[in-house]
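Asker: Sequence:
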Amino acid sequence: MLRLKISYDNQYLYLRYKKHSVQKNKRSSLNFKNHEK
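Counting in the numbering used here, the sequence shown runs from -10 upward without gaps.
These aren't lab readings, by the way, just hints derived from the structure by calculation.
Built from N, CA and C at the ideal position, the CB exists for glycine as well.
It is possible that part of the hints are untrue.
Stated by the list, open to error - So the derived label-pair ranges between C-beta atoms look like this:
#, residue 1, residue 2, range
1, 16, -5, 39 to 47 Å
2, 21, -1, 38 to 46 Å
3, 18, -2, 38 to 46 Å
4, 22, -9, 44 to 52 Å
5, 21, -9, 39 to 47 Å
What the hints assert, rightly or not - The calculated DSS-like cross-link candidates involving lysine-lysine, where the alpha carbons are at most 25 Å apart (straight line), are:
#, residue 1, residue 2
6, 15, -6
7, 8, -6
8, -6, 7
9, -6, 13
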(Lines of atoms letter the chains of each structure in order from A and count residues from 1; the text may use other names and numbers.)
(Lines give C-alpha, C1' and ligand atoms only; values in the text may rest on other atoms or scores of the structure.)
Protein backbone atom coordinates (compact mmCIF):
# COMPACT_ATOMS: atom_id res chain seq x y z
CA MET A 1 0.00 0.00 0.00
CA LEU A 2 2.68 2.45 1.01
CA ARG A 3 4.85 1.39 -1.90
CA LEU A 4 1.97 2.04 -4.27
CA LYS A 5 1.56 5.54 -2.91
CA ILE A 6 5.26 6.25 -3.30
CA SER A 7 5.27 5.10 -6.91
CA TYR A 8 2.16 7.19 -7.55
CA ASP A 9 3.84 10.27 -6.09
CA ASN A 10 6.92 9.62 -8.19
CA GLN A 11 4.82 9.30 -11.31
CA TYR A 12 3.11 12.59 -10.53
CA LEU A 13 6.43 14.34 -9.98
CA TYR A 14 7.85 12.84 -13.14
CA LEU A 15 4.88 13.95 -15.24
CA ARG A 16 5.08 17.44 -13.77
CA TYR A 17 8.79 17.55 -14.53
CA LYS A 18 8.24 16.34 -18.08
CA LYS A 19 5.51 18.91 -18.66
CA HIS A 20 7.72 21.66 -17.30
CA SER A 21 10.70 20.68 -19.44
CA VAL A 22 8.49 20.52 -22.54
CA GLN A 23 7.21 24.05 -21.89
CA LYS A 24 10.78 25.21 -21.36
CA ASN A 25 11.84 23.63 -24.65
CA LYS A 26 8.97 25.25 -26.53
CA ARG A 27 9.89 28.63 -25.08
CA SER A 28 13.55 28.29 -26.00
CA SER A 29 12.67 27.18 -29.53
CA LEU A 30 10.40 30.22 -29.87
CA ASN A 31 13.25 32.44 -28.74
CA PHE A 32 15.51 30.78 -31.26
CA LYS A 33 13.03 31.43 -34.08
CA ASN A 34 12.73 35.06 -33.04
CA HIS A 35 16.49 35.46 -33.14
CA GLU A 36 16.68 34.06 -36.64
CA LYS A 37 14.56 36.86 -38.15
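Asker: Regarding the pair residue 8 and residue -6, is the alpha-carbon distance no greater than 25 Å?
Answerer: 21 Å, holds
Asker: With respect to the beta-carbon atoms only, verify the hint that residue 21 and residue -9 lie 39 to 47 Å apart.
Answerer: 45 Å, holds
Asker: Could you say whether the range 38 to 46 Å given as a hint is met by the Cβ separation of residue 21 and residue -1?
Answerer: 32 Å, violated
Asker: Measuring from beta carbon to beta carbon, are residue 18 and residue -2 in 38 to 46 Å?
Answerer: 31 Å, violated
Asker: Tell me if the straight-line CA distance from residue -6 to residue 13 falls inside 25 Å.
Answerer: 29 Å, violated
Asker: With a cut-off of 25 Å on the C-alpha distance, tell me whether residue 15 and residue -6 pass.
Answerer: 32 Å, violated
Asker: Does the structure keep residue -6 and residue 7 at a Cα separation of 25 Å or less?
Answerer: Status holds; Cα separation ~20 Å.
Asker: Does the beta carbon distance between residue 22 and residue -9 stay inside 44 to 52 Å, or does it fall outside?
Answerer: Since the Cβ atoms of residue 22 and residue -9 sit about 47 Å apart, the hinted range of 44 to 52 Å holds.
Asker: Does the Cβ distance between residue 16 and residue -5 fall inside 39 to 47 Å?
Answerer: Because 32 Å falls outside the window, the suggested range is violated.
In the structure shown, a violation is registered for the earlier hints numbered 1, 2, 3, 6 and 9, in ascending order.
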